[in-house]
Amino acid sequence: MSAPHLRDRDDLVLRVEDLVVEFPAGRGRKVHAVSGVDFDLARGETLGIVGESGCGKSTTGRAIMQMPAPTGGRVEFEGLNLVGLAKRDLRAARTRIQMIFQDPISSLNPRRKVWDSVADPLRIWKRGSEAEIAETVDRVLESVGIDPIRARESRPHEFSGGQCQRISIARALVLDPAVIICDEPVSALDVSVQAQVLNLLEDLKAEFGLTMMFIAHDLAVVKNVSDRVAVMYLGRICEIADSDDLYARPAHPYTRVLLDSIPVPDPTVTPTHVDLEGELPSPMSPPPGCRFNTRCSSADERCRSEVPEMRSIGDGHYVACHHPLVTPVTIGQFV
Amino acid sequence: MTPLQTEHRTDAEPLLALEDVRTHFRTERGMVRAVDGVSLTLKRGRALGIVGESGSGKTVLSRTIMGLLPSTAEVTGSIRYSGEELVGRGRSTMRPYWGREMSMVFQNPMVSLNPVMKVGEQIAEPLRLHLGMSRADARATAVRLLTDVRIPEPERRIGQYPHELSGGMRQRVMIAIALACGPSLLFADEPTTALDVTVQAQILELVAEQRRDRNMSVVLVTHDLGVVAGHTDEIAVMYGGKLVETAPTDVLFSEMRMPYTMSLLRSIPRLDDPSHTRLPVISGRPPDLVDPPAGCRFAPRCAYARERCHVEEPPLVSTSHPEHLYACWYPVGSAEFAERDAELRAAGDVRVSISGSGGS
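Protein sequence lines, in the order shown, are assigned to chains A and B. Residue 1 is where the first sequence starts when you use my numbering, and the numbers rise one by one after that. Residue 336 is where the second sequence starts when you use my numbering, and the numbers rise one by one after that.
Just so you know, the hints here were simulated from the structure itself, not pulled from any lab data.
Residues from chain B that keep clear of chain A, each with C-beta distances beyond 12 Å, as calculated:
(1) Leu-375
(2) Gly-467
(3) Ala-471
(4) Asp-626
(5) Leu-651
Taking CB as the label site, the calculated pair distances span:
(6) Arg-9(A) - Asp-626(B): 55 to 61 Å
(7) Asp-11(A) - Glu-678(B): 39 to 45 Å
(8) Arg-304(A) - Glu-658(B): 49 to 55 Å
(9) Asp-244(A) - Glu-490(B): 44 to 50 Å
(10) Ser-618(B) - Ser-106(A): 22 to 28 Å
(11) Asp-244(A) - Glu-658(B): 37 to 43 Å
(12) Ser-285(A) - Ala-682(B): 55 to 61 Å
(13) Ser-106(A) - Glu-544(B): 35 to 41 Å
To give an idea of the chain B side of the interface with chain A (calculated C-beta under 10 Å), a few residues:
(14) Glu-388
(15) Ala-536
(16) Thr-567
(17) Thr-584
(18) Leu-587
(19) Leu-614
(20) Ser-618
Quick caveat: nothing in here was measured; it's all calculated off a predicted structure. Beta carbons are placed, not taken as given, at the ideal position from N, Cα and C, and that holds for glycine.
Next up, chain A with everything else stripped away, as it sits in the complex (with noise of 0.2 Å):
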């Protein structure tokens, strides 16, 4: 499948094409969680993946890390083909993507300290004496607003979300790793506790000159953090673009309904209706075509069959559909 969307740069830290993910589901059937997705990730570039539950964000995050490893595809970074990857370049690539998750409160070893916690990393890979790990952590802890003092005499149901979430990101940065995936990071928060972790993520990729992957549901918090924003729906991306250019001209059909769908805080904007069909297919047998096709209130018989390729609709916005609500660029038009 082409992808114009992958671009031609010299400081692509990760590249992602054509990734499959497909997980057994018995009797010979398989979910198909995602099928064939493609983006790539610049230095310091902020990506963010939205979606609704069961469109592959998640998955593609986690394909990723190899964790597990993807049906088929490429995800090259830094150099390396990941996928079939020995175990052992693995491992020591994986301390260069780190992750983030949703439940800040699960992802931590309740019989931790938080502090030792954030330093086994350090600790597995020997990086540096228990001084030198002492002194990283510190540093890392006070950046993302942890009192270290009291880190190393509490366990993490002593903090609240907020806190322990802002303890993932200091375990995740303490290796100094070039690309974080945040999968849904902010969305089990408070809204006040929301905006002191974005605001943080956004100190942190300025400080540490982070290059992040944003995974969420929500697409104003993805617009506020994403220098880029790619839309999935049912395993495949349907519209990739700048961030601002994403919401000020949606193409796709599915961007336009999960634009509507969010409540405007303003009782002046009456909230609009939901033009959406049905339920959402199962990924154990995808609608052929394009996969929105049957909730699609546009949708006619070559969306039936035919499955839409990504396409040009200028300013390095690109959408998968048959029927854009921007007019797609033709090729040799656009420059």
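Chain B: place on chain A using the hints.
Relative to chain A, chain B alone:
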């Protein structure tokens, strides 16, 4: 329902009237003042949003009204429902109210539904129990309820188990169960937090539609001001177990007085802001309700607090709009607020900054 009937019923006495309600829990650490002196009223057919962070007391308040509290709870004050006092009732005297008069939709349908009982039976159970319907009538009503909440193929769905349904459908089943006995008051406690945005929008639309069709009152409990903005008539903002601001929804958003309400609204990322917009934050954490701070409970986190706020508790006072109440010594719009706001902005304080920074 004709408009005339609706009007007649709306003008009657409030469906719900709370007077100085306090819900305290005995714990090892001492008395937790989860709800600490809340007074409010709700008319028939109206939707009230109760908004606050975790630990503000919003969930405990709705459970207090429903009489769904553990035995460690002590409730004082007065809760009048259709003129009847509910405080002091035990489970047996509350039971007639459950289902028929008031019911609740909980946050997590996967936990609230019985996994080993067919969906149809779970809807039929309250019908048989509270309304004494026959098995056949209950089944027919269950099918009609599933149709009402827009579940396709209801005849087939009633024979299925919760795990066979999607998250959105399970929440629709929860709503169908809550609506089964035709309650006059529906509590929805974070009904959409576990759901995807498109499903959330559909569920909120469904609740609004059922409210109109049934002239039911709805109490929507949430931390998200975005959710209540489009789906309520009135909003009550809670902080540290107390009501800090309450007003008709449009008035609240256009003339909010309480700095807490304003901060809560500003901390939500907005789609119309460019990406990398710095979010104003509410620093710190909600108060410990065993030993709440003196004065205004929000003062320790408030960028606009002055000496008086830490000493003297502000009473709820009304604005020129009689239904708009707030508890603040230096509200948004006051000279003191404007003065402090200018200082904070000049200093680039994180609690007020709204202009973009960062980015690449």
